[in-house]
Structures are given as C-alpha cells and as structure tokens.
Amino acid sequence: MTVSQISVFANSRPGHMNRVLDLFEGAGVSVRGFSAADTGEYGILRFIVDRPEAAMEALKDAGCACVVSPVICLKLVDTPGELSRVMGVLAKCGINVVYSYSMISTYIVLSTSEPERAQALLADEPVELISQEDIARIVAERAAKEA
Amino acid sequence: MSEAMDSIDVTKKGAALAAAEAGRFDALPIYKPEIECASREDIRALQLEKLKETVAYAYERVPYYRQKLDEMGVAPSDIQTLEDVRKLPFTDKAVLRETFPFGLFAVPLDDIRELHSSSGTTGKPVVVGYTDDDMDMWSECIARLVQMAGVVPGDIAQMAFGYGMFTGGFGLHYGLQRLGCAMIPAGSGNTERHIQMIEDYGTTVLVATPSYAMHICEVGEKMGYDWEKSPLRVGLFGGEPCPPGLKAEIERRMHIVCTDNYGLTEVMGPGVSGECLAERYQQHIAEDHFLWEVIDPETGEPVGEGEMGELVLTPLCKQGIPVLRYRTHDLTAVHTEPCACGRTLARMDKVRSRSDDMLIIRGTNVFPSQIEDVLTGIEEVTPHYHIIVETRGGMDALIVETELRPEAFRDSFEAMDALRARIAEKLKGTLLVAPEVRLVEPGGIERAIGKAKHVDDRREK
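Here the protein sequences line up with chains A and B, keeping their order.
For the first sequence, position 137 (counting from the first letter as 1) is numbered 137 according to UniProt numbering, and the numbering increases by one without interruption.
For the second sequence, position 30 (counting from the first letter as 1) is numbered 30 according to UniProt numbering, and the numbering increases by one without interruption.
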C-alpha cells in the first residue's frame, strides 16, 4: 500500500511555491504533507494531497514540470525510539531511504534567506511561533504525564 | 515526379507549398521574374546605372553627403564601376541620429507619405520617410518575398506584429495587399483572440516574430486548439533573428511552413531579402533596389567572395532618404550561384549575429546565436534562453538560463544536476568558455512580443 507523492520542479525564488499552492487551492486540493528542498537555484517541491489526480491536472494545465511517484506513508506512535525502530526495519533489509518528511502535522519548519526578518514579519500575523524551549517543554510535559 | 504535380496550378492556395514539398521549386510562382531571374550581367548593369543616379541625387539634395564627398574629394562622376562604391563614405546609425529628425531627407516633407522609426533598442530612435515611389518599391519588395514563401493572391493574412512606428507591421501589410491577400490587422497581443480569429476567419498566413509565433502556438495548445486542423499554412517571421531550431519546432507543432525575411529601418524596413522554399538558410537580396557589400568590420575592406563579414547596403534610387553604404553591423556571407528556386538574385546567409552582439568573455568571442544553436540541440530544454554575464572575483562569469521541458523533469536532484552538467559540457565544447547552467521552470523565461532580449551584461565596467 503506497500513496502518491507529487513532485514539482520550482525555481528557488519568492512566490514560486505559492504559485503551486494557489493552483491546489483553486482545484480544491488539500495538502496533507509537504517538503521543499533546494540546490540554491532550483528546488523540488514534494506534496501528499487528498486528490492527487486533480492536483496533477491543475499543475499540468498550468504548464508545470511535475511527476507522481509512489511513496510509503507510516503513522508512528510518539514514544522515544519509535523512529529508530521503523528505520531499522528497512536498514536491516538493505533498503535506502532517499529522503523523508513528516505530514499531517501543523508544526512546520521553514529555512529562509532572512531568518530574523521572516520571524519578525510572522510575529505580526495570527500564527504561533515555536521556540526551542517550547519544543523541550512539550516533550517534558508529555513525559511527566506518562510517568 | 507525378503527372498530377506537372499540371499543378500554383496560383491556388496551398498548392505552392505542396509543390515545394514535392521538390518542384520550378513550379513555384515568381512575382517579378524579369528581375528575380535576370542574368548576373543584367543585374549588375542595372545596379551600376542606379548607383550613379543615387550618388548624384544624394550629392545634389543632401547637404551632409555633399560636404562628406567634397571633403573626400569624390565627385558623383567618379562612380564608373560598381567597385567604385568603395570611394564613398560609410554611413553609420550615428549619422542618422545626429541628423535627427530630417537632416538626411532629400525631399521636402510635402513629398513624404509616411514616417517610421526604428525600435530604438540600442539608443535614440532613427526616423525615416517614404515618398510615393518609395512606398511603391517597398510594397513590391515585400510582395516578392511573401510570394517566395509560398503565399498567393487570395491568402488571408493575419498581422501579429505591432503596427505603430515599427516598419515590420505596415511593411508586410502593404506587401501582402500588393500581392492580392486580404489583411487582418490584428496587431500584437491578445493571443487568445488571435487564435480565435485564425479559426473564425480562416486565416492562412500569420505574420509574427518567431518568439511570438511560439507563444501563440503554446497558448493554442493549452486552449486545446488543434493546429493540424487549423487553416493556417504559412508563417512569415521578422522583427528578430529566427534560430533554425525554433523555426523547425514551430513548423512541427503548428503544422505550417515558416520563412523569414531581412531588412532594417535605416535602409527601408523589411523586404531587403527573403527566404525562398528551396534554400531555407539563405535569403534572396532585392538587388535591383539594394547594392550589397560584405566587409571586414575592423578594416572596412571587402572580404573574399562568399566569406563572412559585415553587410553594407546602399539602397538604389530611394527618394526619401538616399543612404550611402549603410553599415548594418549584421554578419553574413553572400553567394551568387543560381538557386534551385530559379532566382538568380544573390543570397545572403541568414543573419545569426551582429558584430556588436559579440560578447567577449575571458578573452574569448561568444555569440548568443552559438548558445542558441547548442540549446536547440538538447531535447530536455526549450529553445528559450537568457544569458547573464557577471563579474565574480574579478573574472567574467557566463550564466546560461534555459527552460526545462515539463516531460524532462525527474524527481531527483542527481538526475537534474546531471542534465545541467551535460548542457554545460556541450556549451563549453562550442563556446570554449565554461558556463554555469541554470534550469528554469517551464514558461519561466519571458516571451517577447517584439525583439527578444537575450543578454543581460552585468559586468563592472
């Protein structure tokens, strides 16, 4: 059982990922997970969506360079060692994980050209910024609850 | 050759193209055979006669030329052979700018019927004026070259050049009407409307820049328009050089035959030379109206027969502005052997580069047309490109941006980088300079409606 990942070629410039997201929005496609990796000048955007056929149609109509490929999607139990256990299954069999990202989480990480300015801009928006302390606190609280 | 082809009526729409496809160039119509197929001796005799008149006319009517010839100690009567043209001064664009607007005009404005100006891509515009006779000669030159391209009376021609001051729009308009075509003066822009009109009005001929024709093609494909079933059969290109790869791609995707013509505002506009269906990489010069020379751009001396150099043009018996020895800065070679199409008019190689387009990168001469040629040979990218030259650490850096075709995308940085490396390697092999290649999203390189700007030189001067 695999899921369809949609990959899109995009130049690493402001607005290019947004253009793709706007196409999805216009087609009523919901993004459930994504990753964006770049080489400095161009990048590959990867998406898991609810309706891959509709997403591909919207992208192709707009002339985007895009492909669909099968990927494996897993739901992990949030306990220490779980990620290592799952990766270990594949490693023991000699299967290489080329890349991996997490989905259906509303916690997202962005690496930007101007971290300070990006943070200041987002601080004025109705969106929650997460600090390193927040991350440590969430883990500690969960551990305390389980104890 | 089939019997049916022997009895072909080439005046019928589309028949000329069918004849060309069958290799029956002799069956193609020629607008003015008494000139286009005249002997070389007759052409040269006519040129000499008209050159003498032209020099006398310019000396008599244009103070600039009178002063220039007096300074050089040359009298109009010194022109006794065609080679004597070398006694005359060159005219550069700077002269037309310095005498702006009417300094070189040989007639009062009362006798001028139309003014045009150059697009000014390289500076202030140059203004030119046409008398009734000039307009007549201009439209005839164009009627000849559109007939050369397989257009016949009764064809329906749609204009996708901008009209305005640009010579291309009105020039082709008049010439196509002269031949007997119906003109649809749509102008540039509104691409979807262009496609709708082709379908609604049964347009058979499209006049456009090659970049804009490609754009029309792509927009049509996106709209789901079937170019194969379209009435369109001929593309007449101009306004910018047309790389062979781009032309071939447009012909394949739009199912049409495309030719381009050559001309420049300073000597008339389009119509100086045009491509016939027999020889697709050269253009026949209207030699009864233009005396050509090919010179070494450095020394100004003539190059050997058939050798590459800068084209110099002297319009013959043009009344509005009698320009002498205009330096085009366009690099070409001219051939005088007869052509398979039956014409004896000399053929110039299509202009692919200008002496002033040349980029010197780390001491090596690089022409944008070379980059274009390499890219059109690589199937993973489109023929659209953009060149950036920068200074990095005191050195010239050449960056070539090229557009990825959607079907060439692979979800792997390794595969994409391998493609980049392969393109860079091919470019280096031709240019002898190693470029940095950047892959751009499909449609990411701007399509120009007028002249496409391919080079962005950001070097510290």
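Rather than coming from a laboratory, the hints here were simulated on the basis of the structure.
Please read all numbers here as calculations on a predicted model, not as lab measurements.
Glycine residues also receive a C-beta, built at the ideal position from the N, C-alpha and C atoms.
It cannot be assumed that every hint is accurate.
[Stated by the list, open to error] Capping the alpha-carbon separation at 16 Å, the derived lysine to aspartate or glutamate pairs in EDC-like fashion look like this:
no., chain 1, residue 1, chain 2, residue 2
1, B, Lys222, A, Glu57
2, B, Lys428, B, Asp357
3, A, Lys60, B, Glu407
4, B, Lys222, A, Asp61
5, B, Lys87, B, Asp70
[Claimed, not checked] If you anchor each label on the Cβ, the simulated ranges turn out as follows:
no., chain 1, residue 1, chain 2, residue 2, range
6, B, Val219, A, Glu41, 51 to 57 Å
7, A, Cys93, B, Ala421, 43 to 49 Å
8, B, Leu432, A, Ala37, 54 to 60 Å
Here's how the hints hold up against the structure:
1. Only pairs whose Cα atoms come within 16 Å are accepted, and B/Lys222 paired with A/Glu57 is accepted, the gap being roughly 12 Å.
2. Simply put, B/Lys428 and B/Asp357 have alpha-carbon atoms about 19 Å apart, too far for the 16 Å limit, and the pair is violated.
3. For the suggested pair A/Lys60 and B/Glu407, the alpha carbons sit about 10 Å apart, so the restraint of at most 16 Å is met.
4. Of the pairs offered as hints, the one joining B/Lys222 and A/Asp61 holds, with about 7 Å between alpha carbons and a cut-off of 16 Å not exceeded.
5. Our distance criterion of 16 Å between C-alpha atoms is met by B/Lys87 and B/Asp70, whose separation comes to about 12 Å.
6. A C-beta distance of roughly 28 Å is found between B/Val219 and A/Glu41, which places it outside the suggested range of 51 to 57 Å.
7. Here the CB-CB span from A/Cys93 to B/Ala421 is close to 33 Å, at odds with the stated 43 to 49 Å.
8. Range check, B/Leu432 to A/Ala37: about 34 Å between beta-carbon atoms, so the 54 to 60 Å window is missed.
When each numbered hint is compared with the structure, violations occur for hints 2, 6, 7, 8.
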